[in-house]
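Novice: What follows is each chain in one-letter form.
Number of protein chains: 2
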Amino acid sequence: MERPRVSAFLGASLDGFLAESDGGLGFLKPFEQEEHGYAAFYATVDTLLMGRKTYETVLGFEAWPFADRRVAVLTHTARTPRFGERFLSGEPTEVLDVLARQGARHVYADGGEVVTQFLAAGCLDSLVVSVVPVILGTGIRLFASSPGRHALTLESVRTLASGLVQLRYRIG
Amino acid sequence: MERPRVSAFLGASLDGFLAESDGGLGFLKPFEQEEHGYAAFYATVDTLLMGRKTYETVLGFEAWPFADRRVAVLTHTARTPRFGERFLSGEPTEVLDVLARQGARHVYADGGEVVTQFLAAGCLDSLVVSVVPVILGTGIRLFASSPGRHALTLESVRTLASGLVQLRYRIG
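Sequence order for the protein chains is A and B. Residue 1 is where the first sequence starts when you use my numbering, and the numbers rise one by one after that. Residue 1 is where the second sequence starts when you use my numbering, and the numbers rise one by one after that.
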């Protein structure tokens, strides 16, 4: 069975931070109103894969935003699904094999830790980074723990009116 | 006397590293043959400002590359100049006042520590970052110690055939 493609869609400061030190995303707020292609990206994925922290954040939203997608949560703690989500654990290749059997073709890896883990395992295929015109100074790094060195192939660059620059890469 | 303008021209990995953990720049090597505007940038500056480490690296080169420019080295240790370079110490604003009196109009801040120090002090006016299509994972961060948060204004974006993306910002 063909392993699904895995993509990430992240925002970062020029100095490579994904979030403020306390996890806050305030520095991204001024850029959220701009159309930066998230909906078009989301339309291409059939499966969301997230860590426990991202999952718990999303559970706190007023509505479950992924009703139209397969959702997998990486966690070692079994829970009762509330919206059809599934709980998985294991190495990235094992997780992708499980998702492939469920019919996944294109997985959206959401959250810095999941992205880093899949990148490190050679299981991330493409990466979109929206670089906002901000130097944060400190914060949570784009790839939390070191994912090792990876060559990238630039696929496209978009410049938005706000000064956000969106870089789209293929890994390898 | 008008304070000189200060600019930086840096290369970095996508994840915001200026150099490998041991200070190595091997990851930038594949991109050095490409014309990425360094000569045009250099033509606009009249003064180079560098830290002791950069200075000592440059002293090891076969020839002194800055014969046609005013060179100032930030150090607390007085030395004998070998190529007309001057040794300065003090806060960024004091250093810039000294350079202004020597006729400086546009200073090239060279080396991560000097750039970070001047940025932190609100004394960096513009910043060119050439983002190479590489994830390093670990290394020396773009701004070594935290320079605080700074808003940027994107001035231009250039995309090179190698996949290098050059981002040009005004600080503030």
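Everything labelled a hint here was simulated from the structure, so no lab data went into it. A hint or two may mislead.
[Claimed, not checked] Computed cross-link-like contacts, SDA-like style, restricted to lysine to any residue with a CA-CA straight-line distance of at most 20 Å:
hint, chain 1, residue 1, chain 2, residue 2
1, B, K53, A, A151
2, A, K29, B, T153
3, A, K29, B, K29
4, A, K29, B, G148
5, B, K29, B, E62
6, A, K29, B, E62
7, B, K53, A, R149
8, B, K29, A, T153
9, B, K29, A, T93
10, A, K29, B, A151
11, B, K29, A, A151
12, A, K29, B, R149
13, B, K29, A, G172
Novice: Each hint should be assessed against the structure and marked as holding or not.
Specialist: Structure-based check of all given hints:
1. B:K53 x A:A151: Not satisfied, since the Cα-Cα distance of roughly 29 Å exceeds 20 Å.
2. A:K29 x B:T153: With Cα atoms ~16 Å apart, K29 (chain A) and T153 (chain B) stay inside 20 Å; holds.
3. A:K29 x B:K29: violated, 36 Å
4. A:K29 x B:G148: holds, 18 Å
5. B:K29 x B:E62: The given pair, whose Cα atoms are some 19 Å apart, holds under the 20 Å limit.
6. A:K29 x B:E62: violated, 49 Å
7. B:K53 x A:R149: It is violated: about 26 Å lies between the C-alpha atoms, which goes past 20 Å.
8. B:K29 x A:T153: holds, 16 Å
9. B:K29 x A:T93: Violated. K29 (chain B) to T93 (chain A) sits at ~33 Å, over the 20 Å cutoff.
10. A:K29 x B:A151: holds, 13 Å
11. B:K29 x A:A151: holds, 13 Å
12. A:K29 x B:R149: holds, 15 Å
13. B:K29 x A:G172: holds, 17 Å
The structure fails hints 1, 3, 6, 7, 9 (numbered hints given earlier, in ascending order).
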